[in-house]
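Engineer: Fit chains B, D, L, C and P to the known structure of chain A by using the hints.
Just so you know, the protein sequences line up as chains A, B, D, L, C and P, in that order. Just so it is clear: in the first sequence, position 60 is 60 by the working numbering, and no numbers are missing. Just so it is clear: in the second sequence, position 16 is 16 by the working numbering, and no numbers are missing. Just so it is clear: in the third sequence, position 83 is 83 by the working numbering, and no numbers are missing. Just so it is clear: in the fourth sequence, position 98 is 98 by the working numbering, and no numbers are missing. Just so it is clear: in the fifth sequence, position 63 is 63 by the working numbering, and no numbers are missing. Just so it is clear: in the sixth sequence, position 119 is 119 by the working numbering, and no numbers are missing.
Some hints here could point you the wrong way.
Which copy? The list can't say, so a pair holds if one copy fits it or any two copies do.
[Said to hold, decoys possible] Quick list of in silico lysine-lysine cross-link-like pairs, DSSO-like style, CA-CA up to 30 Å:
id : residue 1 : residue 2
1  : Lys56     : Lys77
2  : Lys77     : Lys15
3  : Lys117    : Lys56
4  : Lys124    : Lys15
5  : Lys117    : Lys77
6  : Lys117    : Lys15
7  : Lys56     : Lys15
Source of the hints: derived by calculation from the structure; they are not laboratory data.
Listed below are the residues making up each chain.
There are 6 protein chains.
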Amino acid sequence: MKNTRFTLGLAQLSKIDGDAGHQVIESLQEICPDLARFTIEYPFGDIYTRQALDLKSREIATVAALTALGNCTPQLKVHLNAALNVGCSEEEVKEVLLQMSVYAGFPAALNGMFAFKDVLNERKA
Amino acid sequence: MKNTRFTLGLAQLSKIDGDAGHQVIESLQEICPDLARFTIEYPFGDIYTRQALDLKSREIATVAALTALGNCTPQLKVHLNAALNVGCSEEEVKEVLLQMSVYAGFPAALNGMFAFKDVLNERKA
Amino acid sequence: MKNTRFTLGLAQLSKIDGDAGHQVIESLQEICPDLARFTIEYPFGDIYTRQALDLKSREIATVAALTALGNCTPQLKVHLNAALNVGCSEEEVKEVLLQMSVYAGFPAALNGMFAFKDVLNERKA
Amino acid sequence: MKNTRFTLGLAQLSKIDGDAGHQVIESLQEICPDLARFTIEYPFGDIYTRQALDLKSREIATVAALTALGNCTPQLKVHLNAALNVGCSEEEVKEVLLQMSVYAGFPAALNGMFAFKDVLNERKA
Amino acid sequence: MKNTRFTLGLAQLSKIDGDAGHQVIESLQEICPDLARFTIEYPFGDIYTRQALDLKSREIATVAALTALGNCTPQLKVHLNAALNVGCSEEEVKEVLLQMSVYAGFPAALNGMFAFKDVLNERKA
Amino acid sequence: MKNTRFTLGLAQLSKIDGDAGHQVIESLQEICPDLARFTIEYPFGDIYTRQALDLKSREIATVAALTALGNCTPQLKVHLNAALNVGCSEEEVKEVLLQMSVYAGFPAALNGMFAFKDVLNERKA
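Same shape as in the complex, but just chain A (with noise of 0.2 Å):
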């Protein structure tokens, strides 16, 4: 019987990631069931459910973060998807991106940027 934080955190994770999310937590299933439940109980289920920070704030701190960390290209382009999800416009994810030219420097930026260059068009295909 599943608990209420992956009840709720499968739902925040619908909500905001749509089937990019579903995909991710599906390709761990053979591998390691339990990462993929705590994906959905701690990240979705305890910490996007608070109130205290709408979820666009949380898309922006998201996308700036992992562009900085520079490492996880899969998973930026998921909350780059989750971004234009829950409200942000095209123009407000690259200047997120193109800010972080500042923090992580010109290359983290161009990553970003060029990531996002994926996700839009694999929006519109």
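Structural biologist: Okay, now just chains B, D, L, C and P, sitting in the frame of chain A:
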């Protein structure tokens, strides 16, 4: 003669970072005034003056990125102050820091939170 | 009322980190008690209680990761203590730190070793 | 004439990494044979031959560090194989990867787990 | 009308990066022309035009930094080409990459060397 | 009996890092003399003695990498001194640090510059 980017950047720096920003610039004058000038012109003159993203969202992005990178506490503290200066509530800043546990791990989130504790204590003093 | 994950996590934290862990939790109470709770529930309640890997191996993994990341010395010190608490010998811990010269470079290994020097001195005091 | 460190290192490389290690060394011969030699001499000749830590613990440390760094997937895959070669069970390796969600964030843990999925599939093929 | 920084930067980009640099700029035009412009103005217009350090030393610094960071292979390849373009010998570039094993670990050095292998093959083709 | 690599490495360490290098080695003797020995043998005995790149270029590479990584200030300070010791002018070192704003962001460049300010003050004292 200072150019427009410098003038606009200096005004934006004052608005966002207040005294803390000026102290950084001041402390660079002896060692490398050109880095002080570039810091005003590019981040503050070129980027933070753009209208496509509000300052509150910009500071959320910066706090998230610097917390995730985890190797630039002095700059993180400047921007934790800046986030409060441009309209983030204490609770919103804490949520951004908390959320970084998901993307950069608990040590990064803890160190960000302890930096914010210092900042809040300094603002009260 | 505290949940089972919290109760189990707190017991595991005591077993592994001793006083140092409780000091971290305590120092979070004023600024963000929810981060304290999450730190107990997820890392210690969900992860460190799992049986599939012994605690000694878990601490070897944590010491290696924190040394390689190189930007979270306070947490590294907690886990250098923890490694000794759960049964690693001093020599084994030193080997892990030494080995990080291969994967994260000599500066990371040196800083890890100096942190361990501090930890050993504090334990003697 | 090859020195002792090289000879011992090459034997240790064969024992730990098997064919994957030799392929890395081979692929360096054309571009920079000295880097191939140093890779055998220092990590494998000097470090992995030391008796103070067993090979299983060494691979746990290496898998943890490379997963946390997150920017060297090819080397992580070599050492995910190596961990299995020297006696880690699949479950133990998964626990190390899972635990990295705490210290380096969920994206790092997810990418490590997906790399392990690839490794397990390649070993079955 | 383009400003002086842009004009100087574009000339410097051509001199250093050749076609590879222009392709990066071109690929940004659709998604974010302002990032293309900033990339020309600040790094190439403001920094690479300064006389206090020769271009060969600048490219040694850039190749070292990007190899150590390890999360921006496309930009590293552009600058491995650039290093050769401004007068580094192949041997000198290899030495810089080799030396990164000391400061960022063997995986970073290996990945840098494999990127250079690709670059040399592409230049021969 | 010390081997040739150690003897050559120690001489090279003295030439490049002077007293600061010896202090690092000395401070390791109590906690882990083997790490002291490896630090002399591999970086200084194997790498810095190679003729294919001059010492000035080597220190430019090291200063760039350590500034970009941003998590090893003590080692950066040793190499900021070393850069001056082997013939870099103050202006050249500042240019390398300044240039890192492009590749690792302004916080990394600022922290590098403040470390250099400390180094210059210590050399005057």
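Engineer: Each hint needs a verdict: does it hold in this structure or not?
Structural biologist: Here is how each hint holds up against the structure:
1. Proximity of lysine 56 to lysine 77 under the C-alpha cut-off of 30 Å is found in both arrangements, the shortest distances being 16 Å within a copy and 23 Å between copies.
2. When the C-alpha separation of lysine 77 and lysine 15 is checked against a cutoff of 30 Å, the pair qualifies only within one copy, where the shortest distance is 16 Å, while the shortest distance between copies is 33 Å.
3. Within a single copy, lysine 117 and lysine 56 get their C-alpha atoms as close as 20 Å, and across copies as close as 25 Å, so both meet the 30 Å cut-off.
4. For a Cα distance limit of 30 Å, the shortest separation of lysine 124 from lysine 15 inside one copy, 20 Å, qualifies, whereas the shortest one across copies, 37 Å, does not.
5. Proximity of lysine 117 to lysine 77 under the C-alpha cut-off of 30 Å is found in both arrangements, the shortest distances being 10 Å within a copy and 21 Å between copies.
6. Proximity of lysine 117 and lysine 15 under a CA criterion of 30 Å is satisfied in both settings, with 23 Å inside one chain copy and 28 Å between copies.
7. In this assembly of identical chains, lysine 56 and lysine 15 lie within 30 Å of each other by CA distance both inside one copy and across copies; the values are 12 Å within and 24 Å between.
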